[in-house]
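Student: My request is simple: use the sequences and hints to build the entire structure.
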Amino acid sequence: MATSLALSLAADGKAPLFLDCDVEAPNAGLFLKPTFEQRSDVSVLIPRVEEACCTSCGRCAEVCQYHAIAVLGKKVLVFSQLCHACGSCREQCPEDAIREVPSVLGVLEAGPAQNGIAFARGMMDVGEPMAGPVIRKLKQWASPGDGQIVILDAPPGTACPVVESIRGSDFLLLVTEPTPFGLHDLKLAVQLGQELSLPIGVVINRDGIGDAEVEQYCGTEGLPILLRVPFERAIAEGTARGRTLLEIHPQMGARLRAVLEQIGARLGSPP
Amino acid sequence: MKQLVLLSGKGGTGKTSVAAAFAHLARHGPSPLPIVLADADVDAANLELVLAPERIEEHPFVGGSVAIIDPALCEACGVCKTTCRFEAVVPGESYRIDPIACEGCAACLFVCPTQAIRMEPQLAGHWYRSQTRFGPLFHAALRPAQENSGKLVTLVKQQARLHALDGGFPALIVDGPPGIGCPVISAASGADLALIVAEPTVAGIHDMQRALQTTAHFRIPSLVCLNKWDVYPEGAQGIESWCQAQGIEVVGRIPFDQTITQAMVRGEPVTAHAPEAPASQALLELWKKVTTRLDAGKEP
Amino acid sequence: MTIVVSTTGSDLDAMLDPRFGRAAFFLIVDPETMAWQGHRNSAADAPGGAGTQAAQLVAGLKAAAVISGAFGPNAFRALEAAGIAMFQSSQAGTARQAVEDYKAGRLERAGLPSRSGRHG
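Residue numbers (numbering that gives the first Met the number 0), protein chains in the order written: chain A, 0 to 270; chain B, 0 to 299; chain C, 0 to 119.
No lab work stands behind these hints: they were computed from the structure. Backbone N, C-alpha and C define an ideal beta-carbon position, used for all residues, glycine too. You may find that some hints are simply not true.
Restraint ranges, calculated between C-beta atoms of paired labels, are given here [stated by the list, open to error]:
#, chain 1, residue 1, chain 2, residue 2, range
1, B, L72, A, E214, 42 to 52 Å
2, C, K102, A, E49, 55 to 65 Å
3, C, E107, B, G77, 47 to 57 Å
4, C, T32, B, Q212, 45 to 55 Å
5, A, E260, B, E86, 28 to 38 Å
6, B, Q212, A, R265, 38 to 48 Å
7, A, G12, B, V78, 41 to 51 Å
8, B, Q245, A, G12, 42 to 52 Å
9, C, S41, A, D40, 31 to 41 Å
10, B, E86, C, G59, 28 to 38 Å
11, C, K61, A, E61, 17 to 27 Å
12, B, R95, A, L266, 20 to 30 Å
13, B, L161, A, A253, 51 to 61 Å
Partner residues are not named here, just some residues of chain C that face chain A (Cβ under 7 Å, in silico) [as the list claims (entries may be wrong)]:
#, residue
14, S41
15, G47
16, G48
17, T51
18, Q52
19, A58
20, N73
21, A77
22, A80
23, A81
Tutor: Dropping the structure here:
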């Protein structure tokens, strides 16, 4: 959906900046086919203890809320995978014995994609537990041009990486399907959007496969259904082959444009 | 007691439908196997929707803490704001903390000159013990924007594990979360066997490879099954060739079958809803192979 | 010399807790006299980093060795740095049995970390 919207904007001469925030499984590139021209490691600052200055007083271990630094006898150990890079240990060390050094979590890549779309993504290293910092850095690193629309493709769910992705956005477009699973996940996502005070629109994907519960829920909550994508085997087969909805059904172009117009109208500015 | 974890690189591959079918087949299949189920996909705990269980126990789950500023004590000096690396401090006449941005590091608490900041544990969600038609289910629901799902996964799995050990259940099936992050690692740890549910899409092979890297990292024997394989047979072939080259066994091919969605809408595992459907037949074959491998796996 | 056993309850007849970092109790036992004392593991409820926190707790109990079912990589590194020997018991049994097994040399020294320990 996100990739089709990006292509639809590009077709109207408003090529957006597209950020693939699903850093655990970044896939949008397979549809938009970017050529990466820039690359940058994402790192966070983790503590390193200067043993010569350390008195093993234990203050760092005491202030660390994540138990990422442990004082055992005269030894101080840092556990980088538990560290949230808050800097509190360095700040609180009475001997000034802690320095901070970068530790790589993943990589950011950017470059032009189809039809003038600017594309950037983050990729988390396997075995690294925290997606949040990679997403945060991606959003800072890839900056849009003047007046350029930014489309952020968020990971699924409603956990920390999703919050990190949607924070600071102007509009939240939720893609769901008309099934009990779709409804369950949609409700959680709506709750999150409301907590962040974001205007919300809904897209019903695979319309027709399930029941009418999603539609009823949207009606009760006053959530606008901006688009219905009918269920068709051709769409499933086309997407599996890396084709966007717009490529499978060029006639969807007008309806995608209408989605963007409705979002623009809700934000009080043209898309 | 053997532990099977279902994983996928990305959500929506049909992992939960497979888990639900396994629950049904464990009870009513050819060779019954008493199981305990754990839904470790706490961000989207869907197993409950298909298995329609009766909740027996509910427990609050307290997650990490966030900082709170007492406006009566705050002198708006701004030290907390310069200390915070998560942009969680909102300036004003008295400062306040954005609880969604706060990482709970407490750095602000230690620097505040007027001791106006305290840490308060957050109610992150609940975990449940339920009874389904096919066996006990341990699951949880996290409030939106709550972190710590890794801790909750550990808790749910641990409760399920202890229940299985106490009750003499020979197997535990864990429906794992998608992705490769902390909750996945928590769900997969200690598993005897992982089944990766993959879709034959252009993205699917990458997602599957990432999931397999995670299980390889923790030395968990892994099998692959393909869902909706006939939507893109060339893609399915690509995944199978890759797996073969890597020595990873592809143990099942589930066809695209709308019966799966119909069953889901009805709140039933597809194998119970329509045992003769092509997907149900494929799931039965898959289940037989997986149970054989689970038993022949390794020492307890 | 004393050793620590991770347990699900506070006395010597409590079951061995198979987890180290999130064990309910740490039982400190003198293998000579079998005298014991239970300590609640305050790290068990930690949102993250239970292993490193528990290791510091055990180090504070001045134990020479610790018996558990499994040690995560973080706990392993921390206990190793503290010079505490780690023994693994794969048997479901009481703390008393675990200590007897230890005395009889039937327990295996923990090698590679057996369980992942990462929390985001």
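Student: A separate judgement is required for each hint: does it hold in the structure or not?
Tutor: Going down the list of hints, with the structure as the test:
1. B/L72 with A/E214: 42 to 52 Å: 50 Å, holds
2. C/K102 with A/E49: 55 to 65 Å: 43 Å, violated
3. C/E107 with B/G77: 47 to 57 Å: 56 Å, holds
4. C/T32 with B/Q212: 45 to 55 Å: Holds, at about 50 Å.
5. A/E260 with B/E86: 28 to 38 Å: Between A/E260 and B/E86, where Cβ atoms are some 33 Å apart, the hint holds.
6. B/Q212 with A/R265: 38 to 48 Å: 41 Å, holds
7. A/G12 with B/V78: 41 to 51 Å: The hint (41 to 51 Å, Cβ to Cβ) holds, given that A/G12 and B/V78 are roughly 48 Å apart.
8. B/Q245 with A/G12: 42 to 52 Å: 45 Å, holds
9. C/S41 with A/D40: 31 to 41 Å: 37 Å, holds
10. B/E86 with C/G59: 28 to 38 Å: 36 Å, holds
11. C/K61 with A/E61: 17 to 27 Å: 19 Å, holds
12. B/R95 with A/L266: 20 to 30 Å: Check passed, 27 Å falls within 20 to 30 Å.
13. B/L161 with A/A253: 51 to 61 Å: 57 Å, holds
14. S41: 11 Å, violated
15. G47: With a minimum Cβ separation of about 5 Å from chain A (threshold 7 Å), the hint on C/G47 holds.
16. G48: 3 Å, holds
17. T51: 4 Å, holds
18. Q52: Status holds, d = 4 Å.
19. A58: Cβ of C/A58 sits 5 Å from chain A, so the hint holds.
20. N73: 5 Å, holds
21. A77: Since the shortest Cβ distance to chain A is 5 Å, the answer is holds.
22. A80: Nearest chain A Cβ about 5 Å off; hint holds.
23. A81: With a minimum Cβ separation of about 4 Å from chain A (threshold 7 Å), the hint on C/A81 holds.
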